[in-house]
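Start from the sequences and build out the full structure, keeping to the hints where you can.
Protein chains in written order, with this note's numbering: chain A, 2 to 211; chain B, 2 to 211.
It should be emphasised that the hints constitute simulated quantities derived from the structure, not laboratory data.
Be aware that one or more of the hints could be misleading.
No distinction is drawn between identical chains; accordingly, a pair holds when it is met within one copy or between any pair of copies.
Straight-line alpha carbon distances no greater than 20 Å define the calculated DMTMM-like cross-link-like pairs of lysine to aspartate or glutamate that follow [what the hints assert, rightly or not]:
| id | residue 1 | residue 2 |
| --- | --- | --- |
| 1 | 62 | 114 |
| 2 | 130 | 33 |
| 3 | 130 | 46 |
| 4 | 130 | 172 |
| 5 | 62 | 132 |
| 6 | 62 | 129 |
| 7 | 130 | 91 |
| 8 | 62 | 194 |
| 9 | 130 | 179 |
| 10 | 62 | 46 |
Residue-level listing of the chains:
There are 2 protein chains.
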Amino acid sequence: MPAAEQQPAPPRARSGARRAEIVALASRMFRERGYHAVGMRAIAEAANMQAASLYHHFRSKEELLLEAIFVVDRDLVVDQLPLLESEDDDLNHRERLAQLVRGHVLHVGANRDAWWVAGRELRALSPEKLDAVQVYRRRYQHAIAEFLAAGVAAGEFQCTDPRLTALAVLDMINGLNEWFAPGGRLGISELADRYADLAVRLVAASTVAA
Amino acid sequence: MPAAEQQPAPPRARSGARRAEIVALASRMFRERGYHAVGMRAIAEAANMQAASLYHHFRSKEELLLEAIFVVDRDLVVDQLPLLESEDDDLNHRERLAQLVRGHVLHVGANRDAWWVAGRELRALSPEKLDAVQVYRRRYQHAIAEFLAAGVAAGEFQCTDPRLTALAVLDMINGLNEWFAPGGRLGISELADRYADLAVRLVAASTVAA
DNA sequence: GTCTATAAGGAGATAGAC
DNA sequence: GTCTATCTCCTTATAGAC
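This is the structure in structure tokens:
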């Protein structure tokens with residue numbers, strides 16, 4: 002995560018360690034109480050510093066939010082796209098879909114705070130920052146829709162509206178973040194398997210013999 | 002909606018018309034900008050009054066929020082439960098599930114603002130008010146899980162974990178509210194039909210010939 | 001039922017010392 | 001890189017006139 006930060010770079014701090022700590026900590030607070038309900042003073046207190054010191058690391062509260070959201074959206078796309086786009090794979094579409102869903106569920110489980118914030122606090126971003134995030138999001142949705150369509154063409158899937166089904170699958174997975182908590186009835190890896198099964202059922206051309 | 006308001010009643014205004022207008026208007030603003038980002042002054046301005054006048058109609062901003070959330074959650078349960086609980090129906094489980102999903106999708110489409118707020122601003126409620134809402138929500142989830150289990154027992158459904166599948170179906174539908182907008186590629190009644198199909202695919206015991 | 005005026009406090013952000 | 005002190009503005013909510 003703290004790799005590859007050679008962008009135009011914010012005018013103040015650009016280094017990683019402390020900055021990343023603060024982002025993680027703010028993500029958790031945003032998740033628990035909501036972006037607008039958490040003040041810079043509260044974040045500073047959790048980081049054992051004064052509010053003014055936060056402005057050495059971040060230009061504004063919104064930059065803090067963007068960092069939490071953007072990194073997660075970008076990471077998921079980077080992790081998952083190869084699975085969708087590789088053509089010369091020896092896996093069939095059904096197995097690749099299952100892998101994709103498992104990977105997505107595990108990513109959500111491993112980054113609950115950031116996913117929660119990414120899912121619910123987009124509105125707090127300025128239009129330009131919002132666009133930067135949604136570029137990744139649209140690319141992911143589009144890739145999944147294309148993949149489902151390819152599965153239909155290959156005779157493995159049956160799906161009247163790949164775009165809609167892609168959204169339905171993603172919404173199903175993202176909803177998990179609303180109620181999942183470690184230590185519950187089902188662990189995240191069990192959930193990954195079950196959601197993969199559910200997704201396959203949504204598109205499989207006929208009943209599947211495992 | 003404005004019927005049956007003979008509860009203990011808030012100490013100030015208890016009548017309906019203006020109050021309901023303000024709730025609807027606040028719901029839209031909460032949806033667009035978020036509960037904490039919308040001040041009482043902004044709500045008052047939209048209602049063509051001063052902030053202080055709002056406190057004649059509502060004891061607090063939180064009471065306004067509760068009204069938006071609670072009515073919607075309660076209404077959905079009241080509308081949908083009969084479909085799940087009636088036993089002597091001549092419809093099979095598959096058709097009843099399809100009806101349930103259609104009803105839910107249409108309800109979301111018809112109450113977008115309120116559903117959005119109910120889905121995302123629960124945290125802003127005090128613990129007692131939150132509980133009052135979640136009683137309805139849990140009842141609905143439980144009824145669906147039981148219904149799926151009954152469908153399995155009847156040999157119509159195949160479903161290894163009805164509780165999880167109930168959550169997955171609900172999350173899939175509620176996700177719709179994130180991206181649905183009237184005038185888009187698909188209208189709400191088309192979406193209702195397609196989501197009903199998807200839900201049936203998730204649980205049907207074998208491929209379904211319509 | 002709506003108003004004006006205001007209380008009491010919190011917000012994001014900045015200046016400038018160290 | 002962190003501090004103290006402060007600016008400016010906005011927040012929810014109330015008091016009391018009309």
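| query | Any hints this thing doesn't respect? Which numbers, in order? | reply | 3, 4, 7, 8
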